[in-house]
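Trainee: Chain by chain, the residues run as shown.
Number of protein chains: 2
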Amino acid sequence: MAELVGNLLVAQSGGPTCAINASVAGVITEAGKHECIEEIYGGLNGILGILNEELIDLNDEKASTIKGLLYTPAAALGTCRYKIDFKKKPEKAAQDMDRLFEVFAAHNIRYFFYAGGNDSQDTSHKIHEEALKRGYEMRVIGVPKTIDNDLPFTDSCPGYGSVIKYCATTVMEVGIDVGSMATDDGSCCIIEVMGRSAGWIAAGTVLAKRGNPANPPHIILLPEIRYDVDDFLARVKETVEAYKYCVVVVGEGIRNKDGEEIGADKTRLDAFGHPVLAGAAEKLKEFVQGKLNTKTRTVLLGYAQRAAAHMASLTDINNAYACGEAAVRAAVEGTSGYMVKIVRNVQEGNLTWSTGLQPLSEVANVEHFVPREWISPDGFLPNEHFVEYAKPLVEGEVRPPMENGLPKYVVLDKNRVEKKLAPRA
Amino acid sequence: MAELVGNLLVAQSGGPTCAINASVAGVITEAGKHECIEEIYGGLNGILGILNEELIDLNDEKASTIKGLLYTPAAALGTCRYKIDFKKKPEKAAQDMDRLFEVFAAHNIRYFFYAGGNDSQDTSHKIHEEALKRGYEMRVIGVPKTIDNDLPFTDSCPGYGSVIKYCATTVMEVGIDVGSMATDDGSCCIIEVMGRSAGWIAAGTVLAKRGNPANPPHIILLPEIRYDVDDFLARVKETVEAYKYCVVVVGEGIRNKDGEEIGADKTRLDAFGHPVLAGAAEKLKEFVQGKLNTKTRTVLLGYAQRAAAHMASLTDINNAYACGEAAVRAAVEGTSGYMVKIVRNVQEGNLTWSTGLQPLSEVANVEHFVPREWISPDGFLPNEHFVEYAKPLVEGEVRPPMENGLPKYVVLDKNRVEKKLAPRA
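Line by line, the protein sequences give chains A and B.
Going letter by letter, the first sequence gives residues 655 to 1079 in my numbering.
Going letter by letter, the second sequence gives residues 655 to 1079 in my numbering.
None of these hints come from the bench; they were simulated from the model.
Don't take each hint at face value.
Restricting the straight-line Cα-Cα distance to at most 25 Å, the calculated cross-link-like pairs of lysine to any residue (SDA-like) are [what the hints assert, rightly or not]: (1) A:Lys716 to B:Lys780; (2) A:Lys687 to A:Ala759; (3) B:Lys1062 to A:Met1056; (4) B:Lys949 to A:Met1056; (5) B:Lys721 to A:Asn869; (6) B:Lys780 to B:Lys949; (7) B:Lys898 to A:Asn869; (8) A:Lys787 to A:Glu756.
Could you put the whole structure together from the sequences, leaning on the hints where they help?
Mentor: What follows is the structure, encoded as structure tokens:
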């Protein structure tokens, strides 16, 4: 493959994680080692910023800032949920694609890296195909990122190890708290975590048990399983009888036996006539308090879980960084149209991590769920196969530097690259 | 004062914190230095366990476990919300008091330490008075503890520095996350923290701003202030216009202009006919989405905030430990009927901490609120006086030891002291 000389563009997309900046740091650092890569640009707010020609010069950032990206949560370049939708809006999508390639050409972008989840890999795939079609020489590599851990082929997704490290820690701490208030009446605490269709995050909190059935969480509800509410209540009752308290973790998208989302209660309207999305935990609390008369409190971690860089997993951050490096190496070697994947190698009981490549055509829009055989027959807890999978992902600590008792995260200077095109129509 | 020889009993009460075990460690360690103190007992689940003669031998615990109490959250001895209520249930209260003194006498308890908030200080006060009345020689000292920070006379309450360190960190992290997704439409995130009548916890998250008005949190709502919902919405709108996003922190007990709790929506019934307590954040979300049409997400930290020992403040833990030590020293020196208080000393700009004593009669059932002069005139943010107060409280880190990527907290062996009485009637 002939050497391709030109500029690099990296951007971030979708919901942020506390590992997505580590991948960008990996891209920047590796890019600095290759002479064929001239300028290193970042696109602000994903595809949206690229369409608006909002590029920044990452070579202008301080070395300490780039290093700080390893422990700084959220998307340092900004992110978006913008989708180039060829199916529903083909005309708009074609216009967007034309504009993207105008921007690429105007800034001689020859290396493009996009860090994101399912939708973003799909976008990367389309851009790769368009480049081929247009005869525009550019190498496109997808960098995986999603706390949801639902990308196929990769062992795990950057962001996932950190989110379950934080969530399992929180469940453990809440469990000790609720357990220490154990009363004769018993009590229940329901913790809602993210995961609309895949239950990887909820499942990951099983690590808080450390193999002891008496330890919280006592019940974990996954979107992959359809639950009978009465069976759930019976299990809560049993648990409270045995331990005086019950800690439940629930993925936000769990469904009842009829396949309906438990948290989406469309029968109830708010003051403005909109359906109230009570949330899965709140809805289950109503059942536990209403039917069992057991005092119940909820915790809704929301955005806190994916931004909790103060409890990030070193394994996760290292893998995220390695994905960024591997993306650049693959592109420089002539590859395009692939996503970097994380590979777990176990030899004689020793676990090591490496990266591989998977065609974007095979990755895009495929969702990866928690396998049924990793969940107990009754569906209420992940089993030892899941634990064996998840345990290495939370290993090792990343400690952000502290200033006046609080973490000190970095912010990019974001020096803008001069625009060369007329504003987007 | 004549030396008083006998056994020591320490117990914990009310909602746990991640500093309350440090106070117990202080009691145990200091007690070991005084020959007049023979056995060191712990009462399980506060007053409730003492009534049931459920005592454990703390001298039987490993030294490493006692040390581990410094970083272990929740109440290691167990806690309760049991109240000896002389006002509403005088007969039951008199019976309880008789039983308590039976237990004290049976086990020759001459030193009693009770760690807790307002109610617990009241209980300590009553026990002290009863001991005098009955001519039972015993020294009673209250140890302050409450994340709510609403005990009077003490500079701050053990547990408070840690809860605001964790909450401010979380608000900072969520703020970076939401800010990195800033879209043209704008978005809002509302984070609910504990505090039913005092807003100390919500106020403490102002530290996440680090003095920069552009930084989150942009609005902090305190139970001390009565808010006009339209004024609140106008402020959210302004903020979203200025920064594209708005992060709001709300204390659970905030009230509207008419003095009604915003989170307690009694007009809405759940499936079982009970009023739904929507929660302050959920209710405000309805307003922001309904009236401003701004996409809004909520975070409900719940028990997670008071149990987050992985983000504890070293200053807080040190002060909690010092309160335990000081309680024992005061008692050995002949004092009874006092609460230990934390004293802040500032000399030539240097801040040091010490402890003092306050009569329980003055402490019991007095609530301490955030002073109006520490809040901005419009009521939407604590001001520089508050920041000056709160900043030193979050200084320093406590890192729990980690095992397989998760914190490793200690559990007491809880070797029971042989019962000497017939079961409680």
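Trainee: Run every hint past the structure and note whether it holds.
Mentor: Each hint tested on the structure:
Between lysine 716 (chain A) and lysine 780 (chain B), the direct Cα distance comes to roughly 62 Å. Violation of the 25 Å bound is thereby established for this hinted pair. Note on lysine 687 (chain A) and alanine 759 (chain A): the hinted pairing holds, with a Cα-Cα distance of about 23 Å set against a maximum of 25 Å. Restraint check for lysine 1062 (chain B) and methionine 1056 (chain A): satisfied, since their Cα atoms lie roughly 22 Å apart, inside the 25 Å limit. For the proposed pair lysine 949 (chain B) and methionine 1056 (chain A), the alpha carbon gap of about 32 Å is over 25 Å, so the pair is violated.
The hinted pair formed by lysine 721 (chain B) and asparagine 869 (chain A) meets the criterion: a straight-line CA distance of about 22 Å does not exceed 25 Å. Restraint check for lysine 780 (chain B) and lysine 949 (chain B): the C-alpha separation of about 52 Å exceeds 25 Å, so the hint is violated. Between the alpha carbons of lysine 898 (chain B) and asparagine 869 (chain A) the distance comes to roughly 43 Å, so the proposed pair goes past 25 Å and is violated. Distance check on the hinted pair: lysine 787 (chain A) and glutamate 756 (chain A) sit about 15 Å apart at the alpha-carbon level, within 25 Å; holds.
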